[in-house]
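Visitor: As given, the protein sequences belong to chains A and U, one line each in that order. For the record, in the first sequence the residue sitting at position 148 is 148 according to this note's numbering, with numbers rising by one throughout. Every position in the second sequence, counted from 1, becomes a number in this note's numbering once 153 is added.
It should be emphasised that the hints constitute simulated quantities derived from the structure, not laboratory data. Just so you know, not all the hints are guaranteed correct.
As the list claims (entries may be wrong) - Here are the simulated DSS-like cross-link-like pairs (lysine-lysine), alpha carbons at most 27 Å apart as the crow flies:
| id | chain 1 | residue 1 | chain 2 | residue 2 |
| --- | --- | --- | --- | --- |
| 1 | U | K165 | A | K131 |
| 2 | A | K67 | A | K136 |
| 3 | U | K318 | A | K136 |
| 4 | A | K65 | A | K130 |
| 5 | A | K136 | U | K165 |
| 6 | A | K118 | U | K305 |
| 7 | A | K96 | A | K118 |
| 8 | U | K181 | A | K130 |
| 9 | U | K441 | U | K385 |
| 10 | A | K92 | A | K10 |
| 11 | U | K193 | U | K181 |
| 12 | A | K136 | U | K169 |
As the structure is a prediction and not an experimental result, all values here were calculated from the model.
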Amino acid sequence: MKEMKVQPIKNGTVIDHIPQGMALRVLRILNVDERIGSTVSVLMHVHSQKHGLKDVVKIEDRELKPKEVDKISLIAPNATINIIRNYIVAEKYVVKVPDEVHGIVRCTNLSCISNDPKECVEPRFITISKKPIILKCKYCEREIEDVASQIII
Amino acid sequence: MQFKGRDVIAVKDFSKEEIIHILDEAEKMIPAAKGLTRLKTLEGRILCTLFFEPSTRTRLSFESAMQILGGGVIGFADPSGASVAKGETLADTIRMADAFGDVIVLRHPLEGAARFASEYASIPVINGGDGAGQHPTQTLLDLFTIRQAKGKIEGKKVILLGDLKYGRTVHSMAYALAMFDVEMIFVSPRGLEMPREVIRGLSSIGVTPLETNNLQDVIQDADVLYVTRIQKERFADIEDYLKVAGTYRVDLELLKNAKKDLIVMHPLPRVDEISREVDATPHAWYFKQAFNAIPVRMAILKLVLEGEGP
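Work out the full structure: start from the sequences and follow the hints.
Guide: And the structure:
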């Protein structure tokens, strides 16, 4: 019988198949910090049959918003979201990298109009490659490869 | 082909056929641009020129083009005297211009400003240069000049020389030339090479330009030498500017090795990258190129306001 490292959760979300080492970044994206009232479990460097090593995050009493799922897809494009309700997996899906990314990533070009604080422009990108993820700014056309570091938290 | 009401933000937004149509239309504008005929094509129409950055050629040529077509011009050449100086956002300035004019020409220091502005304007927005980004009307007049000098653009060998990193005209130009199956050679000092995304964009459509730091090696069989200024204002550090300023100089010595019918182009203003002695040679096309701003911008104004009709 397998040893259970972390207890199952009653209600909440399990984010599985996060690339190893990215779990803490996922928590940051979800604004999970010391103020959170519910239980959060973080598993790092877990053996996975499919992907070698992976990270897993479990958050009790919270279901993710679509914008949060989009953000996760940009750093963990193979992540699986499991919505748990009363200990049962009520929904399960693999995140999908959106074709257009609005308001969740900042342009790396400091001279881009979308970075002008006066204008309050919602940054918009077109996904020009999903593997690896490359986004193109709709305004200045700069291509962004290190998307993880540009996610707006 | 639909031009009426259209924004002119990036040359990539236009097909090759549409570009050729603009050049053909510009051809028809030459007599009026030279003052030989007077037109009333855009009588009663108002061009709003919003220049958040200094410009001589772009602004004056647009204003001149509009007036030759019979239209009027309002706007500002310097934001310090406008409501922008009081803290007005670009979005609000555009909304105002949208109410006062029929077409907007915008020059702005931030990249993507014209695309952003077009989201707030119901009237056409023409990008008059956005930071180190796009300058589509310059590209169109450059293409017009090459076609005028060479009879056609296709198959020509074109050197883009100088600041290829920050020089906005060369980015638009590279994409446009790729549409015309031009053989491109990029010559720049180290550190001012063509941005990788432009190179990637070109290779995605099957175009692989030659990149070099040595102009002497490639001058002999070129048809067009497109020279750009190394722009001091784009450098945050003056030391970095001084390292590369004056790297290339187009002079009679260099041109000895060039084809007799090589044309030298420059979007102007030049500093010392083209020697004054070149001005008197048949190679010098930069002043004709500057004149071409008028017919090409006339064509663009006419097309976005009136469409393709006569």
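Visitor: Now, for every hint given, state plainly whether the structure supports it.
Guide: So, going through the hints one by one against the coordinates:
Only pairs whose Cα atoms come within 27 Å are accepted, and K165 of chain U paired with K131 of chain A is accepted, the gap being roughly 25 Å. Only pairs whose Cα atoms come within 27 Å are accepted, and K67 of chain A paired with K136 of chain A is accepted, the gap being roughly 19 Å. Restraint check for K318 of chain U and K136 of chain A: the C-alpha separation of about 18 Å stays at or below 27 Å, so the hint holds. Taking the CA atoms of K65 of chain A and K130 of chain A, the gap is about 21 Å. The hint holds against a cut of 27 Å.
For the hint pairing K136 of chain A with K165 of chain U, the CA-to-CA distance comes to about 14 Å; that is within 27 Å, so the pair holds. Taken as a hint, the K118 of chain A and K305 of chain U pair is broken in the structure, with Cα atoms around 45 Å apart against an allowance of 27 Å. For the given pair, K96 of chain A sits about 33 Å from K118 of chain A by alpha-carbon distance, which is inconsistent with the 27 Å threshold. Under the criterion of a C-alpha separation no larger than 27 Å, the hint pairing K181 of chain U with K130 of chain A is inconsistent with the structure, at around 46 Å.
A hinted pair counts as satisfied when its Cα atoms are at most 27 Å apart, and K441 of chain U with K385 of chain U qualifies at roughly 25 Å. Simply put, K92 of chain A and K10 of chain A have alpha-carbon atoms about 15 Å apart, close enough for the 27 Å limit, and the pair holds. Distance check on the hinted pair: K193 of chain U and K181 of chain U sit about 14 Å apart at the alpha-carbon level, within 27 Å; holds. Only pairs whose Cα atoms come within 27 Å are accepted, and K136 of chain A paired with K169 of chain U is accepted, the gap being roughly 23 Å.
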